[in-house]
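Undergrad: Chain by chain, the residues run as shown.
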Amino acid sequence: MRRWIGLFVYLVVLVAFFIPSILEPVLQFFFPGANEWIFPRESLIKLTTEHLLLSLLAGAVAAVIGMGLGIAATRRAGRPFLTLIRDVSSLAQTMPPAAVLALAIPFLGFGFKPVLLALVCYSTLPVLNNTLAAIENLPRPVLEAARGIGMSRLQVLLQIELPLALPVIGTGIRICVVINVGTATIGALAGAGGLGSVIVAGLTRNNPAWVFQGAIASASLALMLNSLLLAAEHGLQPAILRNHIDGNSALSA
Amino acid sequence: MRLIERERIDVVPLTAVLLASVSFFGPFAALKENRVVDGQIIRGFELLGGGLGAGVLILGALTLVVALSGGGGKTRNLVYSFAGVACLWITAVLLVRAGALLGQAGEAPRVSPAIGFWGLPGASYVLIDHSRRQAPRWRSLMLTVCALVPVCLIFSDGRGAAISVFQEWLERQDRFLDELIVHVRLFVFAILGATVFGLPLGIIASKNKRIERLVIAFVDVVQTIPSMALFGLLMAPLAALSRAFPLLRSLGLRGIGAAPALIALTLYALLPIARNAIVGIASVPLPALEAGRGMGMSRRQLFWRIKWPLALPYILTGLKTASVQAVGNAAVAALIGAGGLGIMIFQGLGQAAPDLILLGVLPLILMAVLVNRGWELVIRRAVSPGLLGEVL
Chain Z
0 MRRWIGLFVY LVVLVAFFIP SILEPVLQFF FPGANEWIFP RESLIKLTTE HLLLSLLAGA
60 VAAVIGMGLG IAATRRAGRP FLTLIRDVSS LAQTMPPAAV LALAIPFLGF GFKPVLLALV
120 CYSTLPVLNN TLAAIENLPR PVLEAARGIG MSRLQVLLQI ELPLALPVIG TGIRICVVIN
180 VGTATIGALA GAGGLGSVIV AGLTRNNPAW VFQGAIASAS LALMLNSLLL AAEHGLQPAI
240 LRNHIDGNSA LSA
Chain X
22 MRLIERERID VVPLTAVLLA SVSFFGPFAA LKENRVVDGQ IIRGFELLGG GLGAGVLILG
82 ALTLVVALSG GGGKTRNLVY SFAGVACLWI TAVLLVRAGA LLGQAGEAPR VSPAIGFWGL
142 PGASYVLIDH SRRQAPRWRS LMLTVCALVP VCLIFSDGRG AAISVFQEWL ERQDRFLDEL
202 IVHVRLFVFA ILGATVFGLP LGIIASKNKR IERLVIAFVD VVQTIPSMAL FGLLMAPLAA
262 LSRAFPLLRS LGLRGIGAAP ALIALTLYAL LPIARNAIVG IASVPLPALE AGRGMGMSRR
322 QLFWRIKWPL ALPYILTGLK TASVQAVGNA AVAALIGAGG LGIMIFQGLG QAAPDLILLG
382 VLPLILMAVL VNRGWELVIR RAVSPGLLGE VL
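Protein chains in written order, with our numbering: chain Z, 0 to 252; chain X, 22 to 413.
Residues from chain X that keep clear of chain Z, each with C-beta distances beyond 12 angstroms, as calculated:
#1 Met-163
#2 Arg-231
#3 Gly-407
Chain X side only, calculated, beta carbon under 10 angstroms to chain Z, not exhaustive:
#4 Val-32
#5 Asp-241
#6 Pro-258
#7 Val-345
#8 Leu-356
#9 Leu-383
Estimated spans, in silico, between C-beta atoms of each pair:
#10 Gly-108(Z) / Lys-95(X): 39 to 49 angstroms
#11 Ala-144(Z) / Cys-173(X): 49 to 59 angstroms
#12 Leu-383(X) / Ala-71(Z): 24 to 34 angstroms
#13 Ala-15(Z) / Cys-173(X): 54 to 64 angstroms
#14 Gln-27(Z) / Thr-165(X): 55 to 65 angstroms
#15 Glu-135(Z) / Ile-225(X): 30 to 40 angstroms
#16 Ala-309(X) / Gly-190(Z): 51 to 61 angstroms
In short, the hints are calculated from the structure, not lab data. Values in this document were obtained by computation on a predicted structure and should not be read as measured data. The C-beta atom is built at its ideal place from N, Cα and C for all residues, glycine as well.
Whole structure, please, built from the sequences with the hints as guidance.
TA: The structure is reproduced here in structure tokens:
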């Protein structure tokens with residue numbers, strides 16, 4: 000229940016920010032010194048939509064890559080690549096997203112693509128780590144029982160391994176999406192729009208009111224997605240496992 | 022029996038060979054007349070004159086043969102290590118040769134790495150990473166030295182001067198060093214500050230469930246605010262503070278510059294540090310604590326002898342995460358005039374000069390990787406070997 004209250008609060012904050020007649024007095028109260036309060040170039044609702052789409056798309060790509068690599072590396076043919084995959088993806092997360100973005104711009108041009116690349120590089124690791132951890136830690140007897148009743152390897156993967164691993168993988172995807180919402184603000188540096196463009200405009204024009212609305216909008220977006228995905232995660236878990244998994248993400252967060 | 026003992030085909034080095042061939046058959050570098058034009062693309066194999074081509078062929082063939090045959094582990098490792106190191110040497114030689122092809126036309130002729138350039142260093146990474154797996158730790162250090170020293174030697178006598186990044190560096194040597202120092206200082210002080218506040222915060226919070234929930238909620242919310250926005254949000258209150266208190270202003274506290282950047286970076290680094298301290302202390306098994314209490318340990322002994330060593334892997338992992346993040350976030354601090362390597366990145370983006378971007382990005386990535394490695398070494402040394410499996 001508490002989870003839904005949180006979700007509702009963030010949603011209300013976000014929607015209130017979309018209505019200029021509510022937003023303007025608030026900003027005027029906090030920043031009496033500014034000369035312009037509402038960001039004039041784009042509506043906040045459009046920027047938030049762009050931001051959301053960018054983060055979700057990057058999250059989806061990272062989830063597909065992370066799960067795909069995680070599943071591949073735990074198959075028999077993929078085993079030799081396990082260490083390499085792990086090392087490369089932690090190297091990818093070590094690289095600052097702003098650096099990856101700047102590196103990619105000369106090759107991919109300004110706009111959407113370099114930002115997507117930077118976000119995917121930065122956020123694949125949590126999905127991959129959780130996929131690997133979940134599949135590796137499945138109880139042996141369950142897998143042996145599945146093989147014993149004559150399931151093929153594919154059946155074991157689809158009917159045993161993935162359903163049992165799904166809650167932990169879900170945690171990885173949630174972390175990945177939340178990271179992306181925060182990081183997607185750097186998209187403004189490549190001209191990809193999103194809430195970062197309000198923030199950057201505020202920084203360069205020395206207008207804290209703009210920075211504030213961009214920051215609060217993207218933070219409430221992140222918190223909202225976090226509680227939404229958390230609720231979905233709980234739905235994914237078989238009831239019997241529910242108390243089991245909660246403390247799992249501390250090290251990979 | 023023999024069948025089981027025989028080693029199977031080693032598939033990972035095949036990826037390395039594939040990556041390396043991208044360098045030879047894809048666009049390796051661009052010869053440009055100046056910073057902005059697109060330039061003439063050159064492929065890696067076009068630079069393979071003389072003995073080098075034969076050497077590369079032999080090396081590739083050797084790697085393939087060793088990987089495909091079921092040779093012994095030691096020979097394999099030796100070949101892979103050598104091939105990995107050689108890949109870096111070859112990259113350097115190819116760059117120098119591309120520089121020699123460059124005419125004197127144009128105001129600042131240069132060689133810029135193209136997308137295929139990254140194939141050889143990538144292959145080197147894969148090979149060294151793969152061969153390192155069973156090797157003792159000193160070997161990986163030696164490999165790094167073997168790979169880097171000859172590369173530095175190749176460039177040291179000015180033969181690398183045609184390479185675009187070097188040119189940008191030559192143009193602003195002093196500036197580069199200054200910004201590098203500013204960057205390191207920002208990140209070191211942020212981590213120091215976050216450790217001084219974050220560790221006690223985490224430790225105190227873990228004593229009381231309500232404080233713990235509060236601290237976690239606070240740091241979680243801070244983490245969702247984008248770093249760029251946090252810089253901006255601190256500008257207004259700090260500017261007001263410095264207007265109100267001239268003393269603070271004389272101490273260097275202003276709305277723009279190092280002060281808000283440092284505060285924002287510290288707040289950011291606080292999260293992983295405090296959070297992991299809480300999680301680490303919570304992870305200490307109750308029986309261990311009870312055993313300690315049963316032996317008559319005082320509260321202080323209980324903390325230093327049981328909780329601290331058992332929580333250490335988590336605490337140090339938090340420091341590692343925080344440090345790596347801070348290196349990257351410090352680059353964004355250039356947006357509010359705090360300086361650092363970000364300056365060159367943003368200037369490069371603004372002037373559409375990829376070479377200048379590289380000059381900022383390469384040291385940044387190197388720094389992040391080194392910091393990561395450094396903390397991993399610390400973790401290996403400081404953490405009890407029985408607990409290492411949880412973090413490394």
